[in-house]
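Asks: Given the structure of chain A, go ahead and fit chain B onto it with the hints provided.
Protein sequence lines, in the order shown, are assigned to chains A and B.
Numbers 17 to 386, taken from the working numbering, label the letters of the first sequence in order.
Numbers 2 to 127, taken from the working numbering, label the letters of the second sequence in order.
Take the hints with a grain of salt, since some may be wrong.
[As the list claims (entries may be wrong)] Among the chain B residues that face chain A by a calculated CB cut under 7 Å, a handful are:
(1) D37
(2) V39
(3) Y40
(4) V62
[Stated by the list, open to error] Sample of chain A residues lacking proximity to chain B, with all beta carbon distances greater than 10 Å (derived):
(5) T23
(6) R26
(7) A31
(8) L34
(9) E47
(10) E83
(11) A86
(12) D95
(13) D127
(14) V140
(15) D189
(16) R225
(17) R232
(18) A258
(19) L343
(20) A366
Treat the hints as calculated values from the structure; they're not laboratory data.
Here a beta-carbon is modelled for each residue, glycine too, at the ideal position from N, C-alpha and C.
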Amino acid sequence: MTAAAETPLRTPLHATHLEHGARMVPFAGWEMPIHYGSILDEHRAVRSGVGLFDLSHMGEIEIRGPEAMAFTRYAVVSDPANLEVGQAQYSMLCQADGGIIDDLILYRLPDGYLLVCNAANHDVVVEHLAALRQAADFDARIDDRSSRTALVAPQGPAAAEVLAGLTDLDLSDLGNYRAARGQVAGVDCLVARTGYTGEDGFELFCDSRRARTIWRALLEAGAAHDIQPCGLGCRDTLRLEAGMPLYGNELDRSVNPYEANLGRVVKLDKGEFAGRAALAAIQQTGPRRRLVGLQLAGDGIARSGYPVLIDGQQVGSVTSGTMSPTLGHAVALAYLPSGEAAVGGQVEVAIRDRQVGAEQVKLPFYRRPQ
Amino acid sequence: MVSDDRRYSREHEWVRQTDGGAEIGITRFAADELGDIVYVELPAVGTALRQFTAFGVVESVKAVSDLFAPVSGTVAAINDELRSHPELLNSDPEGAGWLCRLERTDAAELDALLDAAAYADLTGSP
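This is chain A alone, in the form it adopts within the complex (with noise of 0.2 Å):
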């Protein structure tokens, strides 16, 4: 958290945004793009065609060592142990009330593990996989190689085709949460089958120092299908149409996985972790509140933070909300008591002087064509 009072830092790829003509914003405690001159028109050719994103401000965290498995498995809420080599899983790390202290994707390395979590957790992160490897005494490493990974997301229905010319791996071979690696443009990389879009897609992590080369090529193999350079105006948009959470709006440290319809992805019965007794015991008498999905059936936008009534009375608050490019309709994600909280509910949000009614709906509010 420290980056964010000093210069903002840079990705490999800044001077190349600066060219797109892209709008640079500060963003935990990095300078990023939020669009090269229209989201909508990003947030369209991500779920048409293909667009890229740059992600290198995200942290990318190896643990190595006889225990890395012991101890990720520790750490972490998700059961990793069963795992294949290249195999990848949606986790938590939660602190000892089960609050969540990130959530992030890991990946089974031959020798370990790749967890790639939030930029604006990434000092967090690392003191807290810090602080419990020392308390528990674990045999692993903790190897914090955000500043030398870049990592560039090409997402879409068209990506694997634009990507499939430019890599040596079988992209067909490669199924959805499944990382390889290979070479893009010539350059080593990890190739991931993962996104945060809701459409199929890439994440391709590689050596800074070659994050250009990988850019342009995936840009020039692209133009045949209007590729966009994507900013994290979009990837917001995209990723609230496919109903995933974003750590600072749907999850903190105050939200437990149950209440954010995460449950499925607690393995109590793994053993012993951090967080385990809390979670249990949550588990055991369910959440008090619920993430739900809301459509809004009048005129306006539910934003962040605008409280959400039944009856008049404020019963919760909505957490993200935006005009769905892709639907034509207000949607939202809002907590409600966990009483409250069922699909076809009705309830209204307070959008500055008015109430605009709104139904629960079930989430996504987006699914790919399959």
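Replies: Leaving out everything else, chain B in the frame of chain A:
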């Protein structure tokens, strides 16, 4: 893109005098700064606006922004097209993307606004 027959507020609204009143909207600079506009909330016909006071809301994908009246007046018409086509505010903010037509305006209030050259200075436009 700053036209000569208009006056501009420091809050990036424009006003154009018409027969018996005025037309108001947001400037090209404001539209570009906001990015894709996806929702506009305008006052009902008959609402009295006061110069430099909030009268509506414009929402882009990322942000909610108040609209401030560049002049006082009574709303005689609102641009209904914006309800289904808020993107007009990006494509033609100083034309088809007008917001309201006002009556009972006071020409003296225009003196508190910027002319095209001064507004271009303010926004650093060429």
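Asks: Take the hints in turn and mark each one as holding or not.
Replies: Hint check results:
Look at D37 (chain B): its Cβ gets to within about 4 Å of chain A, closer than 7 Å, so that hint holds up. Proximity of V39 (chain B) to chain A holds as hinted, the smallest CB-CB distance being about 4 Å (cut-off 7 Å). The interface hint given for Y40 (chain B) is met, as the beta carbon of that residue sits about 5 Å from the closest beta carbon of chain A, less than 7 Å. Checking V62 (chain B) against chain A: minimum C-beta separation of about 4 Å stays under 7 Å; hint holds.
Listed as outside the interface, T23 (chain A) is consistent with that label: its C-beta sits roughly 24 Å from the nearest C-beta of chain B, beyond the 10 Å cut-off. With a closest Cβ-Cβ approach of about 21 Å to chain B, R26 (chain A) is found to remain outside the 10 Å limit, as its non-interface label requires. With 10 Å as the threshold on Cβ separation, the claim that A31 (chain A) sits away from chain B holds: the shortest Cβ distance comes to roughly 23 Å. Distance check on L34 (chain A): its Cβ is at least 17 Å (rounded) from any Cβ of chain B, clearing the 10 Å threshold; non-interface status holds.
Interface exclusion of E47 (chain A) from chain B stands, the closest Cβ pair being 17 Å apart, more than 10 Å. The beta carbon of E83 (chain A) is kept farther than 10 Å from every beta carbon of chain B, the shortest such distance being approximately 44 Å. Listed as a non-interface residue, A86 (chain A) keeps its Cβ farther than 10 Å from every Cβ of chain B; the least gap is roughly 43 Å. The non-interface label for D95 (chain A) is consistent with chain B: the shortest C-beta to C-beta separation is roughly 37 Å, beyond 10 Å.
At the 10 Å boundary, the C-beta of D127 (chain A) stays outside the reach of chain B, the nearest C-beta of that chain being 42 Å off. No Cβ of chain B comes within 10 Å of the Cβ of V140 (chain A); the nearest lies about 25 Å off, and the non-interface call holds. The claim that D189 (chain A) is not at the interface with chain B holds, since no C-beta of that chain comes within 10 Å of its own (minimum 37 Å). Residue placement check: R225 (chain A) keeps its beta carbon more than 10 Å from all beta carbons of chain B (closest about 32 Å).
Every beta carbon of chain B lies more than 10 Å from that of R232 (chain A), the smallest distance being close to 26 Å; the non-interface claim holds. Look at A258 (chain A): its CB is around 16 Å from the nearest CB on chain B, clear of 10 Å, so calling it non-interface holds up. Against the 10 Å criterion, L343 (chain A) stays outside the reach of chain B, whose nearest CB is about 12 Å from its own CB. Non-interface call for A366 (chain A) relative to chain B: holds, since the shortest CB-CB distance, roughly 13 Å, exceeds 10 Å.
The structure shown violates none of the earlier numbered hints.
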